[in-house]
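Undergrad: Please model the complete structure; the sequences and the hints are all you need to start from.
This is what each chain is made of:
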Amino acid sequence: MALEKPYKDVPGTIIFDSEMARKGYHLNQFCMSLMKAENRVRFKADEHAYLSEWPVSEEQRQAVLDRNYNAMLALGGNIYFLAKIFSSDGKSFQYAAALMTGMSEEDYKAMMVSGGRSPDGNRYIRENK
Amino acid sequence: MARITAGIGASHVPLIGRAIDTQDTQSEYWKPLFDGFDFTKKWIAEEQPDVIFLVYNDHATAFSLDMVPTFAIGCAEEFAPADEGFGPRPVPMVEGAPDLAWHVAQSVIQQDFDLAIVNKMDVDHGLTVPLSLMYGQPKKWPVKVIPFAVNVVVYPTPSGRRCYNLGKAIRNAVDSFDEDLNVQIWGTGGMSHQLQGPRAGLINQEWDKRFLDRLADKPEELADIAHVEYIRETGSEGIEMVMWLVMRGALGDNVTELHRHYHVPASNTAVGHIILESQN
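Heads up: the sequence lines are chains A and B, in that order.
Using our numbering, the letters of the first sequence map in sequence onto residues 6 to 134.
Using our numbering, the letters of the second sequence map in sequence onto residues 140 to 419.
Where hints are given, some of them may not hold.
[Stated by the list, open to error] Covered stretches of chain B (in silico footprint by chain A; criterion: 3 or more residues with CB under 8 Å from a CB of chain A, positions within the stretch not fixed):
#: 1; region: 217-227
#: 2; region: 286-297
#: 3; region: 335-346
#: 4; region: 366-372
#: 5; region: 403-415
Read the hints as simulated data drawn from the structure, not as lab findings.
All of these numbers come straight from a predicted model, not from anything done at the bench.
Even glycine gets a Cβ: it sits at the ideal position worked out from N, Cα and C.
TA: Take a look at the structure:
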């Protein structure tokens, strides 16, 4: 019997479940390696070479090189693991969040200061057209 | 006898730690948030708890995908603040309470909650930010800490009901420890926030406030909230609020709300804070 996944109809959201954790295993473990300063230095010096040491898929590799976080999420990346990449770039969670929403960091920050994104119209994919 | 006298709920946003570490707590952006903890700092200085049972989640710091324990209790003598990519936070080592921690592990496992026992673990902002919020910047933390990590990162995460019942088992365990200790339990994380994808930035103030309204007297209702409701209503990272239910479960049936604070935003997050005193 298939596992129940009632969260599939939440818009703009990927839940890091068993399916995603398997898909993104190597991508996320690559991210974890950036917790070590010496690995960050090697990664920044030659991203292609560093990534080639990890058995990530071509799509995952390209998404990392492009810093395309939505693509990385869709390919099994988890945001707390992906945070090691933008931290290595000297970027904040707010920077990454703005990027994923397609807003400028300034507009995103202003949205948060004025109370954040409303859940209204954002609960179900069907209402978020 | 040891006893759990009070519980604290508090968010653990990493940027709050950074504001404290860089002396930025009085700026226009941060002051309204930190003002809500003034009461708590005075209160806790008078209460002088001996041990904090600190329920938090690890954010891909100590636990990668190598191992994902659902519930993990820290039984070590001490825990180092983790390097999360920028170097460790400039905060003191966290002193453990291994005698009580091992006692709780034994008792709780015998009550059918299968904990992972951790003897070596660095602790990330999930644990150190709440300590900084309550105690400021001391040279040494004035309290011992039992880190208790809950998996809220890799689904399936434990249900709210499971967390609430686990809290009850923790209370039984502490009650049966012979040493005379004043123990507090803190539930950290939340409230509404989503850090990922096009829906990042979601905040649901109305939902959060209803959660706070019911925490003291209607915890059974909160224990019934399904994962998908947290995700849909409070953002994908709002699931952290199940950790507040461990805290609530450990306070017994009768509690009094002593203090509450709610502020939006800290970075991407709605910050909630509450103090509950156990009346049992």
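Undergrad: Now tell me, hint by hint, if it's right for this structure.
TA: Outcome of the hint check:
1. Proximity of the region 217-227 of chain B to chain A, defined as three or more residues with a beta carbon under 8 Å from a beta carbon of that chain, is established by the 4 residues found.
2. Closer than 8 Å: that is the beta-carbon criterion, and the region 286-297 of chain B has 4 residues meeting it against chain A, so the requirement of 3 holds.
3. For the region 335-346 of chain B, the assignment as covered by chain A holds, since 11 residues bring a beta-carbon within under 8 Å of that chain's beta-carbons and 3 suffice.
4. Beta-carbon proximity to chain A at under 8 Å applies to 5 residues in the region 366-372 of chain B; the threshold of 3 is reached and the given coverage holds.
5. With 5 residues having a Cβ less than 8 Å from any Cβ of chain A, the region 403-415 of chain B passes the three-residue criterion, so the hint holds.
The structure is consistent with each of the numbered hints, conforming to all of them.
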